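Student: The residues making up each chain are set out below.
Protein chains: 2
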Amino acid sequence: MKKTHFELIILGSGPAGLTAGLYAARARLDHLLIEKGAAGGQVLLTDWVDNYPGFPDGLSGFELAEKMEAHARRFGLNTLTANVVSMDLSQTPKRLTTEDGEQLSCNALIICTGARPQLLGIPGEVEFTGRGVSYCATCDAPFYRNMHVAVVGGGNTAVQEASHLTKFASRVTLIHRRDALRATKIVQERAFANDKIDFIWNSHITAIEGEKGVERIHIKDNSGKETSLAVDGVFILIGVIPNSEMLPLQLLKAEHGGFIPTDNETRTAIAGVMAAGDIRSKEVRQIVNAAGEGATAVLAAEHYLNNSTL
Amino acid sequence: MKKTHFELIILGSGPAGLTAGLYAARARLDHLLIEKGAAGGQVLLTDWVDNYPGFPDGLSGFELAEKMEAHARRFGLNTLTANVVSMDLSQTPKRLTTEDGEQLSCNALIICTGARPQLLGIPGEVEFTGRGVSYCATCDAPFYRNMHVAVVGGGNTAVQEASHLTKFASRVTLIHRRDALRATKIVQERAFANDKIDFIWNSHITAIEGEKGVERIHIKDNSGKETSLAVDGVFILIGVIPNSEMLPLQLLKAEHGGFIPTDNETRTAIAGVMAAGDIRSKEVRQIVNAAGEGATAVLAAEHYLNNSTL
Chain A
1 MKKTHFELII LGSGPAGLTA GLYAARARLD HLLIEKGAAG GQVLLTDWVD
51 NYPGFPDGLS GFELAEKMEA HARRFGLNTL TANVVSMDLS QTPKRLTTED
101 GEQLSCNALI ICTGARPQLL GIPGEVEFTG RGVSYCATCD APFYRNMHVA
151 VVGGGNTAVQ EASHLTKFAS RVTLIHRRDA LRATKIVQER AFANDKIDFI
201 WNSHITAIEG EKGVERIHIK DNSGKETSLA VDGVFILIGV IPNSEMLPLQ
251 LLKAEHGGFI PTDNETRTAI AGVMAAGDIR SKEVRQIVNA AGEGATAVLA
301 AEHYLNNSTL
Chain B
1 MKKTHFELII LGSGPAGLTA GLYAARARLD HLLIEKGAAG GQVLLTDWVD
51 NYPGFPDGLS GFELAEKMEA HARRFGLNTL TANVVSMDLS QTPKRLTTED
101 GEQLSCNALI ICTGARPQLL GIPGEVEFTG RGVSYCATCD APFYRNMHVA
151 VVGGGNTAVQ EASHLTKFAS RVTLIHRRDA LRATKIVQER AFANDKIDFI
201 WNSHITAIEG EKGVERIHIK DNSGKETSLA VDGVFILIGV IPNSEMLPLQ
251 LLKAEHGGFI PTDNETRTAI AGVMAAGDIR SKEVRQIVNA AGEGATAVLA
301 AEHYLNNSTL
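So the sequences go chain by chain: A and B. When we follow this note's numbering, the leftmost residue of the first sequence carries the number 1, and every step to the right adds one. When we follow this note's numbering, the leftmost residue of the second sequence carries the number 1, and every step to the right adds one.
Treat the hints with caution; some may be incorrect.
Taking lysine-lysine pairs in the PhoX-like style, the calculated list, with each CA pair at most 20 Å apart, reads [claimed, not checked]:
hint	chain 1	residue 1	chain 2	residue 2
1	B	Lys94	B	Lys196
2	A	Lys282	B	Lys282
3	B	Lys67	A	Lys67
4	A	Lys167	A	Lys196
5	A	Lys36	A	Lys67
6	B	Lys185	B	Lys196
In short, the hints are calculated from the structure, not lab data. Since we're looking at a predicted model, the values are computed, not measured.
Please construct the entire structure, taking both the sequences and the accompanying hints into account.
Tutor: Following this line, the structure appears as structure tokens:
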């Protein structure tokens with residue numbers, strides 16, 4: 001009979017899930033990592049990773065995901081490819097249901113389902129992701145030395161990152177659909193005082209074009225007037241969406257549209273349920289801190305399993 | 001004139017400090033990383049690192065430290081070798097004083113001074129560290145498949161790790177200087193019920209011996225009787241000491257003998273001061289989560305610098 005109960009289930013196979021898998025396998029926990037598709041999560045969409053410590057020359061997102069997966073497999077990672085669509089975390093054991101109707105259960109659960117950037121949904125956006133279109137200035141700013149980049153957004157992230165980008169780019173054009181920014185006052189003031197930043201108000205991008213990489217964007221203002229602007233890159237910083245559709249958000253006390261609050265040890269509001277990586281309610285979403293949280297989560301899970309009377 | 005003021009100072013060059021350095025350099029922050037000795041911290045004392053995600057075959061601690069340092073240097077890390085002996089964090093800018101009397105100041109500070117294991121201070125202990133003597137079962141347990149290991153200690157960590165080690169070792173002997181354990185009841189019960197674990201009470205190790213690696217330990221009980229025991233490894237799990245001698249512990253609301261409490265974003269009780277890595281008050285001390293916290297700390301520092309009116 002197929003095994004359906006595990007001490008620990010890890011949901012998701014990005015850097016947090018793969019690191020949790022590595023630690024769970026090394027700890028010889030009775031575990032299962034459930035992955036929806038190929039291992040790597042958002043890292044697979046990242047052309048080049050220059051800021052995961054220990055790889056001085058950088059490496060492709062694909063290569064990093066492969067290495068992380070191979071690492072966990074070396075220690076005996078158990079995986080299942082399935083799409084979990086719902087779960088019952090109100091009792092022990094915790095129960096998960098897949099799209100195919102399969103039922104799985106576990107005593108401890110680590111949620112690593114990640115998040116995804118809010119897309120504009122315009123022609124050229126997906127095609128040029130990693131080749132001029134970026135959703136992370138912290139990751140990609142250094143690739144744009146002495147270039148002209150556009151930033152889309154008006155919140156704290158967009159405005160702060162516009163200022164940050166001027167340390168590399170020669171010119172930053174911030175495009176916002178309203179006539180005022182939402183960012184904190186002082187962040188706004190610094191952007192306004194920065195002569196490398198110019199602003200296009202009441203406007204949105206309608207298309208991204210180029211040959212090998214981004215060369216220009218089309219902009220439409222609220223009166224319907226269209227223009228185009230030559231740029232080398234576009235940073236789309238309009239928000240992050242948690243992959244939390246399958247989660248019991250109320251029980252997990254989810255906030256900001258589905259992110260899961262945790263304590264410093266990645267424990268959620270539900271005993272025996274941890275959350276690691278981009279799905280956590282937090283400020284900084286980087287590969288290395290997702291990985292770090294994956295390790296912390298397994299040790300928190302072990303602690304829970306060792307100290308509970310299940 | 002020599003520059004003595006920086007936007008950001010990072011104190012310490014273990015995985016947390018080096019990752020903070022990488023992120024600070026990449027963000028082109030006006031920064032200085034102060035290292036006491038060679039970069040790497042405790043990683044330099046680690047013979048083989050098998051659990052830093054992305055290196056499926058493992059690598060030596062020395063090699064990982066070198067790679068992390070080279071990575072940060074590639075992006076322009078600025079370092080100073082100095083021993084900071086005191087600091088004034090009660091005002092802005094924050095002031096640091098080195099052993100040589102040098103004065104440095106900064107607007108934001110990231111404390112990554114780390115921690116060190118409590119040693120037994122017996123012959124053979126230092127000589128065999130990394131060759132049979134270990135202070136981290138999570139890191140080293142898989143090296144002891146089908147071997148006999150001793151565990152020294154009686155607290156939660158020691159007893160939990162003794163149970164954990166039985167997943168690999170064929171026999172675990174726990175040696176405790178008292179006649180009862182301090183660990184949580186249920187953790188104790190599981191250890192007592194585990195027939196791979198035996199206990200030597202009211203005793204301490206007086207020496208560790210062997211040729212290339214650990215072969216035997218000498219044990220003395222409280223009545224003075226001496227015996228010896230053949231073992232392949234010794235896990236010394238009697239506590240962790242924070243490297244906090246130079247820190248204003250009261251201002252930082254330090255706890256558990258000098259560890260620094262922080263929020264999820266690594267912010268301490270002092271505005272503009274972050275703490276990352278083993279110096280943080282936390283449960284899990286692993287290379288990858290130290291690194292992750294280093295990244296988080298720089299983004300928290302940037303946020304502080306962007307939003308303060310310094």
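Student: Hint by hint, say whether it matches the structure.
Tutor: Status of the hints after comparison with the structure:
1. B:Lys94 - B:Lys196: violated, 53 Å
2. A:Lys282 - B:Lys282: Between lysine 282 (chain A) and lysine 282 (chain B) the Cα gap is close to 17 Å, so the pair holds against 20 Å.
3. B:Lys67 - A:Lys67: holds, 16 Å
4. A:Lys167 - A:Lys196: holds, 9 Å
5. A:Lys36 - A:Lys67: holds, 18 Å
6. B:Lys185 - B:Lys196: Answer holds: lysine 185 (chain B) to lysine 196 (chain B) is near 19 Å, not above 20 Å.
Checked against the numbered hints given earlier, this structure breaks only hint 1.
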